[in-house]
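Please model the complete structure; the sequences and the hints are all you need to start from.
Residue numbers for the sequence shown, in mature numbering (1 follows the signal peptide of the UniProt record, and there is no 0): -26 to -1, 1 to 237.
Please keep in mind that the hints were generated in silico from the structure rather than gathered at the bench. One or more hints might be untrue.
What the hints assert, rightly or not - 20 Å max Cα-Cα, derived PhoX-like pairs, lysine-lysine: (1) 78 - 30; (2) 78 - 45; (3) 110 - 52; (4) 30 - 110.
To be verified - Label-pair distances were calculated between CB atoms; the ranges are: (5) 171 - 224: 24 to 32 Å; (6) 44 - 193: 51 to 59 Å; (7) 50 - 225: 47 to 55 Å; (8) 38 - 163: 34 to 42 Å; (9) 134 - 58: 49 to 57 Å.
No residue lacks a Cβ here, since even glycine has one placed at the ideal position from N, Cα and C.
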Amino acid sequence: MNRSQPVCLLMSTVLLLGGLSLTACTKTNIDPTDPIDGPGGKAGYLVGTVTDPHGKALPRATIYTDNTVFKGRGSEVKTSSDGTYQLQLVKNLGQWVAKGYILKQYNDRVYKISLDPDNADSFTDAEKPVRNFRWKLTGHIPDLSLDLYYGGTLEMSRDLNANELRDNENVEFTLTPVGPLIDGSTGKPLTLRAKRRYDTFLKDIPMGRYRITAVYKPTGQALRVCDYYNDSDYTYASSVTVDFTGTESATRANMMGISYTNR
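Here is the structure:
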């Protein structure tokens, strides 16, 4: 009887199982520190896309990170021609938040406009975060604890020589766009009033150039107005055409000032 055949089969089986075992060990021996990209994200980076108010790619927008503890430790990057970006994160430094802005030239001024994130939550470098941004003409910024908006602000001011008119909530302003808005779209006339007495700011106005008139609602009397940010002589007229202040002012950026009187 040939006794070598079972021995050979046994040896072959042992070698086969050993090979499978070695192969299995090799496949599971993965360095956990190796970057592994997930769907939409990239290990160690913040990535995303920036679009304009019409959903088109927005190149040369600035995206930057800010650490929730160590301020000023983040970095920034500009979007490419297709509106995408990737920003390398500092490792093991806790939580980060992503922010963005654009610099937009409009009517011979430059405006710095914040961008709206699709997710305002903080993140770590290990999460492979994705944050997309959009330029919005109006709307409240994500942090509801701050009374800040993407639109511009009109500051109203009663002329010191006006006859009464102390109930500023009854002064109604009409803003009629002169030319396209800052994003190139066609604006529409706006009718605005203060929500309460002594509230002198009208907020979240789409950025643009406007012809402004005012009326005192209790009597229907048309008021005279002037651009008190830029007209030191206070030259009042039935209407005034005004631009928002740009980056040339550190304290009044994206604002306009309108003074009114009934004299």
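Quick rundown of the hints versus the structure:
| no. | hint | verdict |
| --- | --- | --- |
| 1 | 78 - 30 | holds, 16 Å |
| 2 | 78 - 45 | violated, 27 Å |
| 3 | 110 - 52 | holds, 18 Å |
| 4 | 30 - 110 | holds, 12 Å |
| 5 | 171 - 224: 24 to 32 Å | holds, 30 Å |
| 6 | 44 - 193: 51 to 59 Å | holds, 58 Å |
| 7 | 50 - 225: 47 to 55 Å | violated, 24 Å |
| 8 | 38 - 163: 34 to 42 Å | holds, 36 Å |
| 9 | 134 - 58: 49 to 57 Å | holds, 53 Å |
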